[in-house]
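2 protein chains.
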Amino acid sequence: MAAEPLFERLCLIGVGLIGSSIARAARAKGGIARSIVAHTRRPETLARVRALDFADAVEADPARAVAGCDGVILCIPVGAYAGVMHQIAPHLAPGCILSDAGSTKGSVVRDLQPLLPPGVHLVPAHPMAGTEHSGPDAGFAELFEGRYTILTPLPGGDPAAVEKVAELWRRLGSTVERMDPDTHDKVVAIVSHLPHLIAFTICGTADDLAEETREAVLKFAASGFRDFTRIAASDVDMWRDIFLNNREALLEMLARFTEDAHALGRAVRWGQAEFIEDRIRRGRRIRRELIEHKQA
Amino acid sequence: MAAEPLFERLCLIGVGLIGSSIARAARAKGGIARSIVAHTRRPETLARVRALDFADAVEADPARAVAGCDGVILCIPVGAYAGVMHQIAPHLAPGCILSDAGSTKGSVVRDLQPLLPPGVHLVPAHPMAGTEHSGPDAGFAELFEGRYTILTPLPGGDPAAVEKVAELWRRLGSTVERMDPDTHDKVVAIVSHLPHLIAFTICGTADDLAEETREAVLKFAASGFRDFTRIAASDVDMWRDIFLNNREALLEMLARFTEDAHALGRAVRWGQAEFIEDRIRRGRRIRRELIEHKQA
Numbered sequence: 001m002a003a004e005p006l007f008e009r010l011c012l013i014g015v016g017l018i019g020s021s022i023a024r025a026a027r028a029k030g031g032i033a034r035s036i037v038a039h040t041r042r043p044e045t046l047a048r049v050r051a052l053d054f055a056d057a058v059e060a061d062p063a064r065a066v067a068g069c070d071g072v073i074l075c076i077p078v079g080a081y082a083g084v085m086h087q088i089a090p091h092l093a094p095g096c097i098l099s100d101a102g103s104t105k106g107s108v109v110r111d112l113q114p115l116l117p118p119g120v121h122l123v124p125a126h127p128m129a130g131t132e133h134s135g136p137d138a139g140f141a142e143l144f145e146g147r148y149t150i151l152t153p154l155p156g157g158d159p160a161a162v163e164k165v166a167e168l169w170r171r172l173g174s175t176v177e178r179m180d181p182d183t184h185d186k187v188v189a190i191v192s193h194l195p196h197l198i199a200f201t202i203c204g205t206a207d208d209l210a211e212e213t214r215e216a217v218l219k220f221a222a223s224g225f226r227d228f229t230r231i232a233a234s235d236v237d238m239w240r241d242i243f244l245n246n247r248e249a250l251l252e253m254l255a256r257f258t259e260d261a262h263a264l265g266r267a268v269r270w271g272q273a274e275f276i277e278d279r280i281r282r283g284r285r286i287r288r289e290l291i292e293h294k295q296a
Numbered sequence: 001m002a003a004e005p006l007f008e009r010l011c012l013i014g015v016g017l018i019g020s021s022i023a024r025a026a027r028a029k030g031g032i033a034r035s036i037v038a039h040t041r042r043p044e045t046l047a048r049v050r051a052l053d054f055a056d057a058v059e060a061d062p063a064r065a066v067a068g069c070d071g072v073i074l075c076i077p078v079g080a081y082a083g084v085m086h087q088i089a090p091h092l093a094p095g096c097i098l099s100d101a102g103s104t105k106g107s108v109v110r111d112l113q114p115l116l117p118p119g120v121h122l123v124p125a126h127p128m129a130g131t132e133h134s135g136p137d138a139g140f141a142e143l144f145e146g147r148y149t150i151l152t153p154l155p156g157g158d159p160a161a162v163e164k165v166a167e168l169w170r171r172l173g174s175t176v177e178r179m180d181p182d183t184h185d186k187v188v189a190i191v192s193h194l195p196h197l198i199a200f201t202i203c204g205t206a207d208d209l210a211e212e213t214r215e216a217v218l219k220f221a222a223s224g225f226r227d228f229t230r231i232a233a234s235d236v237d238m239w240r241d242i243f244l245n246n247r248e249a250l251l252e253m254l255a256r257f258t259e260d261a262h263a264l265g266r267a268v269r270w271g272q273a274e275f276i277e278d279r280i281r282r283g284r285r286i287r288r289e290l291i292e293h294k295q296a
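Protein sequence lines, in the order shown, are assigned to chains Y and E.
Under our numbering, the first sequence has 75 at position 75, and the numbering climbs by one with no breaks.
Under our numbering, the second sequence has 200 at position 200, and the numbering climbs by one with no breaks.
Incorrect hints may have been included.
To be verified - Derived BS3-like pairs (lysine-lysine); straight-line CA-CA distance at most 30 Å:
1. Y:Lys-219 with Y:Lys-29
2. Y:Lys-219 with E:Lys-219
3. E:Lys-29 with E:Lys-164
4. E:Lys-219 with Y:Lys-164
5. E:Lys-164 with Y:Lys-164
6. E:Lys-29 with Y:Lys-29
Think of the hints as simulated: they come from the structure by calculation, not from any bench.
All values derive from a computational prediction rather than experimental measurement.
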């Protein structure tokens, strides 16, 4: 708690669930930043962030927000990175560390690296934490505790900058792992992006059912469907951008999944009990392995 | 608590999660049955049921188990109904009520009604309650509290028998609804059976990934995937039978779902942001409606 702050002046570009949780954790835990600058675009969010009072300064202009900061973390939907980077790049201080909290990493390198000023260190990061709630009111200091944060450092990047970002996430309560952006994007496509695509889809499928059945669907939503709708309650802009920015890995996983779903459907149609049992057993085995990995 | 028992001698054919929960609830709540007979086929389960001591009698022979009972509830996988019915039908006492707790209802009418002796009343029921655990150790008296139980009474069936089964489930803590078997099977296909098919499938898809990615998948299973594996941990025999006995409704829902998943995948491929946003918003709306229905 009494550790020297990692950053003198840390700028959070976007203070929704993730950004506001970083700000709250920085205050609650200490050792993160001497002062926090929050940037948000929308006037109504600006007022709300001021009222919530988790940042030392609130700035509507991203260029002014990053000025004089030794750390900048993008906490906005990944589709907005390129536009914001155009605005802030000329104002990033030499030696500044630029990081992010986005759920795709290939796109982040693609959108940020070409505009990176010399002397500014890019360290992409992805805290694997979240809830189905969004906005500056949804954040809380404990969001990252016990969760993994994946860093995808650039080849030839500054090791000290990478270590500083790793230490930031450790101080926020995360376990830090390193990975290349391609592997990251494939892993999250199957563990998170495809499940979300499926959850959004099945809610729409239910929504399309005839009115009478749909009322009953809502009434009798068993735990299976209920879990899916919890996932499906997530933020629109964030998930649109994730889908569009992890296109290849997501479409590959979707193709594999639909092939497998069709195979299971075919076994149901033709009464192939053994095939069906095998598929159910595999689900159980994965579950067991997850429990052994303490992720269940 | 002091209510007269609904049944003099109630037989539970099968005492896994559901059957053993009925037995435990009957003891704990009273007003259900003066005595409980448990039937289970496997010798090791028989011994375990005796040791757990939630029934007044334990019988390995289904014909002897139902003899002299005024109530019989099938609590076995729906695929085993026809075989068991052949064994018990000649031994069902006149006036006896035959019910069940299966997750499909069209197949139950199909398998039981042709063998129903005159004077025996069939009242199919489906308590929409469960956990990912199975077996006689998994049951608990509170399993049905606050959950719906759907009855699908036969046209021209005895109203008093239907009311008695309804009262049984109310005393077990359920809210009772009535529905025709076709509507029931469609509703559970979308709220429960399709989500399970999807969960089993995505676990298999993950299992097929290259070894390196799969280790990472297990390590970084975010909440989306973790929820899916919880669903996928369900009982093999029960779910094989559900899939095979709700074939038509399940395949129809799977077809609708995969069409919708392909449409969303296509929008991702072609960068159709508005289409994607619309699908995500529909998920959120369904979630909101579920919360209004107090099912979330």
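Here is how each hint holds up against the structure:
no.: 1; hint: Y:Lys-219 with Y:Lys-29; result: 43 Å, violated
no.: 2; hint: Y:Lys-219 with E:Lys-219; result: 36 Å, violated
no.: 3; hint: E:Lys-29 with E:Lys-164; result: 16 Å, holds
no.: 4; hint: E:Lys-219 with Y:Lys-164; result: 23 Å, holds
no.: 5; hint: E:Lys-164 with Y:Lys-164; result: 68 Å, violated
no.: 6; hint: E:Lys-29 with Y:Lys-29; result: 49 Å, violated
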